[in-house]
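Number of protein chains: 2
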Amino acid sequence: MSNAVQFQVEAVCPWSGARAGRLTTPHGVVETPVFMPVGTNGALKAVTFDQVRNCDAQIVLSNSYHLYLRPGHELIKEAGGIHRFIGWEKPILTDSGGFQVFSLDMLRRITEEGVFFKDHRGGREHFIGPAKSMVIQNAIGADIIMAFDDCVKNPATYDEALASMERTHRWLQTCVEHHSRADDQALFGIVQGSMYEDLRERSVAEVTTHDLPGFAIGGVAVGEDRSTIERIVFFTTPLLPASKPRYLMGVGTPWDISYAIRCGVDMFDCVSPTRLARHGAAFTRQGRISLRTSKYGKDFTPLEDDCDCFTCKMHTKAYLHHLFKQKEQAGGTLLSIHNIHHLIRQAVECREAILSGTFKQYFEEQCALHESDQLARTAAQQS
Amino acid sequence: MSNAVQFQVEAVCPWSGARAGRLTTPHGVVETPVFMPVGTNGALKAVTFDQVRNCDAQIVLSNSYHLYLRPGHELIKEAGGIHRFIGWEKPILTDSGGFQVFSLDMLRRITEEGVFFKDHRGGREHFIGPAKSMVIQNAIGADIIMAFDDCVKNPATYDEALASMERTHRWLQTCVEHHSRADDQALFGIVQGSMYEDLRERSVAEVTTHDLPGFAIGGVAVGEDRSTIERIVFFTTPLLPASKPRYLMGVGTPWDISYAIRCGVDMFDCVSPTRLARHGAAFTRQGRISLRTSKYGKDFTPLEDDCDCFTCKMHTKAYLHHLFKQKEQAGGTLLSIHNIHHLIRQAVECREAILSGTFKQYFEEQCALHESDQLARTAAQQS
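So the protein sequences, as listed, match chains A and B.
For what it's worth, the numbering used here labels the leading residue of the first sequence as 1, then goes sequentially.
For what it's worth, the numbering used here labels the leading residue of the second sequence as 1, then goes sequentially.
None of these hints come from the bench; they were simulated from the model.
One should not assume that every hint holds.
Same chains, same label: a pair holds when it works inside one copy or across any pair of copies.
Claimed, not checked - Using 30 Å as the maximum straight-line C-alpha spacing, the simulated DSS-like pairs for lysine-lysine come out as follows:
#: 1; residue 1: 313; residue 2: 90
#: 2; residue 1: 45; residue 2: 77
#: 3; residue 1: 45; residue 2: 327
#: 4; residue 1: 295; residue 2: 153
#: 5; residue 1: 90; residue 2: 153
#: 6; residue 1: 295; residue 2: 118
#: 7; residue 1: 325; residue 2: 45
#: 8; residue 1: 313; residue 2: 295
#: 9; residue 1: 77; residue 2: 118
#: 10; residue 1: 298; residue 2: 153
#: 11; residue 1: 45; residue 2: 360
#: 12; residue 1: 45; residue 2: 295
#: 13; residue 1: 77; residue 2: 90
Start from the sequences and build out the full structure, keeping to the hints where you can.
See the structure below:
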């Protein structure tokens, strides 16, 4: 239906089904697989958009739930849309608010039309449903907008998961009917079904009856363990149409990204790089490290020798350790830059391996790193 | 004595004595007058060094008191010096710690050798005196280092000011004797004397008996009112040797800078741009504004139309207002960038006016702006 975005698969790994592609949006081309940094309130925690740009970010995500509450979608429309309001002229994706109203423990009442909830800060009662979410996201004006879904937390019983999934499907129909800017905003449908494979299969079948420009896997990383996440992603991804971009919502870590790409996912978002950074943790090829520990006090080497992010080019672990000891905000900023760059690079490396036909080897190396990292963590916990 | 820095006066305003000059240091040339952003702990609050560089900063200041406590001057020496440790290859100035130990209310005991004080965070007792300050600053390795002085708070009685000044003079002698890197670090002497003109005159006479590469006016903006600050700067600056750089410590606002340049000062530092930014205040040519106020909620123009800082090029007041309402750290970062850039530009504009022979006119415009800003503030306070 919509020609707001076009997706072209450039290469597929015959061993895994991992894909490299190009997603053309009204604000430019996104090469996939791609990691999308998250700017919840229209800003990334501790990082400015020029720093995000210097991390080679191609697209960022923002939350329509937060933007609806403040400054309000109408104000963003008045400002000329989200790109002008936040000062980022590349592609933007907004989520629908479904995840927030179901997960932030402020849920009041669910009706067939949507959800009444209390503002997580003010206490005022608000309402968002599928039709309202389209009004909000159409006003905000991102390149890609998401269907308003019912995102059930795990563990969920089969009946809870079924009811939530069916509501998600009915709401998708409403979203499709109320989306008023299909020419310049691409609406992605969201597959639910919790950890039940038959529900995931039914959800894919139902959601893909709509000829949408992209599809997402929702309801993942909402309480279930890592192996369950991996099983669901492994099972669900190949069911989605091969010709459309596939977006795994809210995932993840460097390993999660490699694994999901191996399953055929094209797009990811997660707050982990900035959240971990504020707590002093950095992604490295050898696993996650904490810059708070005194072992880095005299380590005059960068976080990673071969990393070309600003932080690694200019600063040592000893300096970063000093900033965290001094509670200097610059510490969180510099680690955020590194972590965002790390996840973006992870996706780019996967892309290059897929294009050059070496993805199987690349993925096996990632598996070995992941395994030794897991062993090291287990050992650290036991010692 | 030292050839660590060379200063060349390029032009003097015949009306005021305002000067444009070039200060050549081991890490590059600084064009004066110059505003020096302050990175207390070896980092600027909320701003990375690439952002400081993009504000056209030529030189930054750091505090040897803070660096001595953490991470320690020996560690910085081991890292290869302050430039390498913090990742800033342009000139750096460190202050001596005198101001901190006298002003942070942790003073324990003054002896002829120095000051015993409690760490402002840990509670451990420390000692810094003129000899020790040279050891610390020589280890840190900034291009310009400051004498360890006794900085008395205002209001001070004449006798207090006299005793403090005489101690400063004795300590300067000790600093000169213990400074071990005169070839690559320039030691600046500091004039004290509180608000007493005869003491300031005596202090200049005594401090300049040492053939030092630069001189500073200390003990200003330490409790006295604005007109007293202006009187002291107006009186003291022309007494300092015309061939050496003159540094006014800890001052100030856009107006303070214009005024001090008019008196013949060449260098300034102040935490005001970053401190005010964190509280939502921005310097503009029309005076200081608060981005917290709701009047900017729908103002889709930049802080200043003709400002070429990153913040003004990319963002509107409405967006900045939104960030402060949302308590997003990026708000403080973006305002810090603007405020630092504003003070740096202020000094550059003065320099250009001095070089082109139009400083009198430029300064009169600044006076008119300052006067209307003061009137507006008074009116705002009375309404």
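Item to complete: Would you pick out the hints that fail for this structure and give their numbers low to high?
Response: 4, 5, 10 and 11
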